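Fit chain V to the supplied structure of chain P, relying on the hints for placement.
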Amino acid sequence: EDQVTQSPEALRLQEGESSSLNCSYTVSGLRGLFWYRQDPGKGPEFLFTLYSAGEEKEKERLKATLTKKESFLHITAPKPEDSATYLCAVTIRSGQNFVFGPGTRLSVLP
Amino acid sequence: DAGVIQSPRHEVTEMGQEVTLRCKPISGHDYLFWYRQTMMRGLELLIYFNNNVPIDDSGMPEDRFSAKMPNASFSTLKIQPSEPRDSAVYFCASRSSGRPDTQYFGPGTRLTVL
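Sequence order for the protein chains is P and V.
Residue numbers for the first sequence follow the numbering used here, so the first one is 1 and each next one is one higher.
Residue numbers for the second sequence follow the numbering used here, so the first one is 1 and each next one is one higher.
If you're looking for bench data, these hints aren't it; they were derived computationally from the structure.
Given the structure is predicted, the values throughout are model-derived calculations rather than measurements.
Among the hints, erroneous ones may be present.
Said to hold, decoys possible - Below, a list of computed lysine-lysine pairs in the BS3-like style, where the Cα atoms sit at most 27 Å apart:
#1 P:Lys57 x P:Lys69
#2 P:Lys42 x V:Lys24
#3 V:Lys24 x V:Lys78
#4 P:Lys42 x V:Lys68
#5 P:Lys79 x P:Lys63
#6 P:Lys59 x P:Lys79
#7 V:Lys68 x V:Lys78
#8 P:Lys79 x V:Lys24
#9 P:Lys42 x P:Lys59
Next up, chain P with everything else stripped away, as it sits in the complex (with noise of 0.2 Å):
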């Protein structure tokens, strides 16, 4: 059975101090994976897409990295603002169908 996993499930980090968010998949045939921030009371929002191993993508003070049986997200000194839940997810096959972790819960204390 196709199952994405994430941890930790929760992490609370000082201002500053950088992290990183793991995501563990066991698929059949992965097309891409994905990173989502979701915000309390609102839609997941899209931050990146890894498509195969060694493949890095960067936006702010977020780095996302994949292998072949993994990701991180890499959270460099971390604002209040970073605060969420990062959704990692997975698409195989067809490529259509999102497969979703549970999410990691970070929260950054000023």
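Relative to the frame of chain P, chain V by itself:
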């Protein structure tokens, strides 16, 4: 660009009632997706349409759930009859076939079935 529009934003109903959720995708997008999000199960794909045609409804939990897309700018998700376990946040998302890696989500409808 107004983004994906969903209505209502909140719905409270009683068990057994019919519920209709509405979605207006971004203009020009030819894919539309309906998701359900709960604490227990996370975000789950229910059904998706391409050019107004349902392509995969394998995520629809039961026959009580139905979805339609009568035209490119409107879709509905209907639950009849509703049950307390249907309580969740329902999201609509759309994307363009020219940008397969990006889905745009609406703000969601929070459904509470008493």
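Hint check results:
Between P:Lys57 and P:Lys69 the alpha-carbon distance is near 17 Å, which keeps this suggested pair within the 27 Å criterion. Note on P:Lys42 and V:Lys24: the hinted pairing holds, with a Cα-Cα distance of about 16 Å set against a maximum of 27 Å. Restraint check for V:Lys24 and V:Lys78: satisfied, since their Cα atoms lie roughly 15 Å apart, inside the 27 Å limit. Between the alpha carbons of P:Lys42 and V:Lys68 the distance comes to roughly 24 Å, so the proposed pair stays at or under 27 Å and holds.
With a CA separation close to 15 Å, the supplied pair P:Lys79 and P:Lys63 stays within the 27 Å bound. The hinted pair formed by P:Lys59 and P:Lys79 meets the criterion: a straight-line CA distance of about 14 Å does not exceed 27 Å. In summary, the hint linking V:Lys68 to V:Lys78 is supported, as the alpha carbons are separated by about 8 Å, within the 27 Å threshold. Taking the CA atoms of P:Lys79 and V:Lys24, the gap is about 34 Å. The hint is violated against a cut of 27 Å.
As the CA atoms of P:Lys42 and P:Lys59 are separated by approximately 21 Å, the hinted pair is consistent with the 27 Å bound.
Checked against the numbered hints above, the structure breaks only hint 8 and satisfies the rest.
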